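Those protein sequence lines, which keep their order, are chains A, B, C and D.
Going by our numbering, the first sequence opens with residue 1, and the numbers climb by one from there.
Going by our numbering, the second sequence opens with residue 1, and the numbers climb by one from there.
Going by our numbering, the third sequence opens with residue 1, and the numbers climb by one from there.
Going by our numbering, the fourth sequence opens with residue 1, and the numbers climb by one from there.
The set of hints was computed from the structure by calculation and includes no laboratory data.
From a predicted model like this one, the values you see are computed outputs, not experimental measurements.
Misleading hints may appear alongside valid ones.
Repeated chains share a single entry, so a pair holds when one copy, or any two copies, can fit it.
[What the hints assert, rightly or not] Think about it this way: if two alpha-carbon atoms lie no more than 25 angstroms apart in a straight line, the pair counts; the simulated SDA-like pairs of lysine to any residue are:
#, residue 1, residue 2
1, K299, P99
2, K235, D285
3, K7, D258
4, K310, D34
5, K235, D282
6, K299, V322
7, K318, Y302
8, K93, D26
So the chains spell out like this:
4 protein chains.
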Amino acid sequence: MHEANPKPPFNVTRASHAVMTARDLDATQAFYCDLIGFQLSARDKDAIYLRGLEERGHHSLVFRKTSGAPACERVGLRVFTDDDLEAAFDHFKRINLSPAWVEVPYQGRTLHVDDPVGTPLEFCSVMDDLPTNLQRFERYHGASPMRLDHHQIVTYDVQAATDFYLSLGFRLTEYTATDGKEELWGTWLQRKGNPHDVVYVNGRGPALHHCGIAVPEIRDIIQVCDVAGSLGFNKHFERGPGRHGIGNALFVYFRDPDGHRIELFNAHYQAIDINHTPLRWDLSDTRRSQLWGLPAPKKWFYEASNFAGKPLCDPTLKADPVTLEAFLANQF
Amino acid sequence: MHEANPKPPFNVTRASHAVMTARDLDATQAFYCDLIGFQLSARDKDAIYLRGLEERGHHSLVFRKTSGAPACERVGLRVFTDDDLEAAFDHFKRINLSPAWVEVPYQGRTLHVDDPVGTPLEFCSVMDDLPTNLQRFERYHGASPMRLDHHQIVTYDVQAATDFYLSLGFRLTEYTATDGKEELWGTWLQRKGNPHDVVYVNGRGPALHHCGIAVPEIRDIIQVCDVAGSLGFNKHFERGPGRHGIGNALFVYFRDPDGHRIELFNAHYQAIDINHTPLRWDLSDTRRSQLWGLPAPKKWFYEASNFAGKPLCDPTLKADPVTLEAFLANQF
Amino acid sequence: MHEANPKPPFNVTRASHAVMTARDLDATQAFYCDLIGFQLSARDKDAIYLRGLEERGHHSLVFRKTSGAPACERVGLRVFTDDDLEAAFDHFKRINLSPAWVEVPYQGRTLHVDDPVGTPLEFCSVMDDLPTNLQRFERYHGASPMRLDHHQIVTYDVQAATDFYLSLGFRLTEYTATDGKEELWGTWLQRKGNPHDVVYVNGRGPALHHCGIAVPEIRDIIQVCDVAGSLGFNKHFERGPGRHGIGNALFVYFRDPDGHRIELFNAHYQAIDINHTPLRWDLSDTRRSQLWGLPAPKKWFYEASNFAGKPLCDPTLKADPVTLEAFLANQF
Amino acid sequence: MHEANPKPPFNVTRASHAVMTARDLDATQAFYCDLIGFQLSARDKDAIYLRGLEERGHHSLVFRKTSGAPACERVGLRVFTDDDLEAAFDHFKRINLSPAWVEVPYQGRTLHVDDPVGTPLEFCSVMDDLPTNLQRFERYHGASPMRLDHHQIVTYDVQAATDFYLSLGFRLTEYTATDGKEELWGTWLQRKGNPHDVVYVNGRGPALHHCGIAVPEIRDIIQVCDVAGSLGFNKHFERGPGRHGIGNALFVYFRDPDGHRIELFNAHYQAIDINHTPLRWDLSDTRRSQLWGLPAPKKWFYEASNFAGKPLCDPTLKADPVTLEAFLANQF
């Protein structure tokens, strides 16, 4: 039922980058470079391009200046070669999506398409190379972000989104479903052999819930919290530290100056073997979101970055998540 | 104003141990040994005696079986020699307290007295020696608790408590006071050269708020949370992880099976020099309790372990702390 | 020149397991389970089967009892499906190797073949599933080994070995070559998107230099050293901790009771994109083996586990590595 | 036999600072500030003054420019009050040492005296206060050095040195002695309640073996090694990481640009109680210097910083320590 297509039409390799808009590039750079620890790859008057410490590709986070409301413009996926890009174009045409070739700075040939639930995607196989900072240990600071790992997206139709990515050869590692049924609330889907490249969760969407950034160790999770306190970024702190049941991430969530959310996490596992069957979590099992800590505050559930120009749809499924407010009201 | 007596009547060296009651010694042992990582020094049908991994003294936590409501019986302080015990007896007599010599298993000569705000104290200079587990690294697990570090006590009169400990040569490292006044809300007092041996905070008391247990590293704070999740101790988790502004502790708080609270923390600093003047925090500065994380839930502020047989008094000062409930209601 | 075959004849997914012989299974179990922290999946009178904490496959290390000299029997690779196994059989026939179907306990269909430089390989797509211990945090101890990551093999002909694995679609991430030439001394080859599944280095071979085991954090590297000291495994300690230039691993090397070597390491990077070109290290650059620490002792360079029944050949290239002995004699 | 004087003539509180000479202050600053992570408190054309991240006192390491051979000028100890300084002056006079009052920048009243084995000591009770960087987490880098912890000194007469410090109220925590005798090879002596303020070891002296600097965590020990590799300080790396049996320190040793040695370590224990009896290590027990790692290279045993103007004397006891060279020659 949750089977990946064994003969995908082209080879998507991984979640790669995201493009967002920001109202004040100085504030954005201060947040991502001074606090979180990203490297600045390029900046011009309209945009900043950032990469993690180990990344050789030119950028994994791009922020373009806006004078309007901040939004996410695109989430980026990498395909293996330009032949895969061609095959992707043909495939999307065939299934009646609307792919388009575009020019994007610092990237090779690039394809845009919206997925069936309205998520604006960007595919490419190459970016300009830049030196890795993997062994420039003197530059490790803040959370010492190593690389972009995954995108979590809110959608009104988790089943439809899941079917699409399974058809592209994504494999399901974990999922949340209504107790006793196969009604999907959230799906963790991957190509690169760890828990997730894209995650789709039920809610008013399409919207970007967060980008997940891999960091080396537990210490880095705490260090970035401490530095946030030192540098006065306290109000950007949203949730954590805690341990997700799903995916096993030790996490902390921050909101950037425009409200875009990032997860800093470590401790993903390997998911490569054919007999690595999807792990199911009942909706009623609160351990899926937090193995030991407090639940999330309500805003973590209900706020996300709109995709530029995409109207929001109400989700097919309705539920009251166990928020921190509810937890405190009822259990303490 | 907050000066330690330069010629104290006897030499208190440190916070040493606590004696509490518990309804189910098996449950208590499971919590402290299996989860937190304490070593069991002795157990008989009436009591269990625990020590941290580096401790050579016989016990730092004692739990005696009760069929009634659990309580704290005594907080223990160490004096340097038995001569100091004699001097302590004489001093307490002189200031009209009621010291008494008692026999306590596994301890040398032992003195009981209540401090002026009703805290039942126990003083000794020696305990039976047991082997340290400092270099038995295979026994490190859970939080890898190294040693008892301090007692935090709720009192109706912080000024009176503070004056008493200053007179015994305790030094004030940090304190909370009403903005613009020297009205004391909490005082961190020490003899051993780090931030605290005893802490007195304003509230309905006397009551034991928590015992503070030193652990080696940030990793141990997270590890014990993870193990709590694995072993099903989630409901014992109360607050954290977070960073206290006061004392700089990275902390997590658990409640034991009888509701007694422990803090697991690391990162204390050294406070030895004469010109290490007390650090003042205004009551309105929420960073004193949390540098970057969420505030504490209400129960953290209002629940504590009664001292056996000691009636509670309302505090002289009234305030609404910034609880997690208030924070969520107002700011998110 | 170092190009992976873009259309490999079948899909190898990763390094998976190793089969070795041991003279005393109790001693082997004590080393791998009590010290290193592996989980025992099965034991009978002839063999023990071990897996790392996150592994769901039945075993990643197998030790079979021998009354003779200990050796490595096979290194195991996983293919994606049983269709890939069939394709592998046909491919190996076609290139005049001698594949054979075998029955192996706890594994699905299994294929044996020797690679062109004499390394005995074992391929399968499935093993029996066992519960992961990823979220059984109370079982984390020693090095908290998560999974087998790679095999390092000594060969008399690095070029021949490398050509073979490139033809199977392995990609080269890093390599060592004679200064100014493309004469290969060592090649790091991968399928799973991190630095290595198999590594071939120049020397008297074929022989297994070590299996690389991924651990979560720096702390785990130090913790296992401490526990080795506590439990009396000091003489099993061989090299480290240190940081490899190649692959960026923070490493420590132990020898097991039969002399088989394991590397415990963390901090691998992701290697997925097509423009992730191989990183070259000159033979004269000692930073390739150690970024900051002391060089390896001579035995690290010259001792390895023979493959059972495989004669050793002298390598085509001769060199004096910078051993610890040479380093101390010359530079201190 | 190893009893501290219960009524010391004055109150020494702790090891506090060291004054050394350096040939190139820029190189010294680069080493201590850029690599190790010290804060620069002051610099003029003749000297730099450094302090650790938590220190409020003006300096714990001072380097004065020299055009000659670099040396250590003084090791500094703190007394509690200026009354203790007066008592110290009188005491040293009485026992026929030659105390002298001196003016030292950024310090209060200061007393100089040589101890009976020729170590030049400097005592003061106050220094100028500077802000602590304890909660300026954005400044933590390199090893994140928190504070100077102890001085290790090579002496020709360990017994004489030990007797002197015991007479000042120092307590012995651990010591090395000839197997079966009480002939002292090394003594760990403390006032502040952890394993050591001064350590005296047998050898050609007086000479400063190293200053010990406390760092927060294991991670910091590895991080500074990595940064040393990144920034090209490899040749300054001398020994480690490893675990000392004595004192339980996880350590790494560096040599600064003038050859002065520093130990970066964590994991000291508390030593306060009267029944904390000295721990004895036989000379033949190599675990005293390294619980699990390789022995030290010869230079670690035989090189030290001379004290300016102090002639060296041969030690009373002769031994061949187990050097790395000997270990490699004999055991591998």
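Among the hints numbered above, which are violated by the structure, and what are their numbers in rising order?
Numbers 1, 3, 4 and 8 - these are the hints that the structure violates, sorted from lowest upward.
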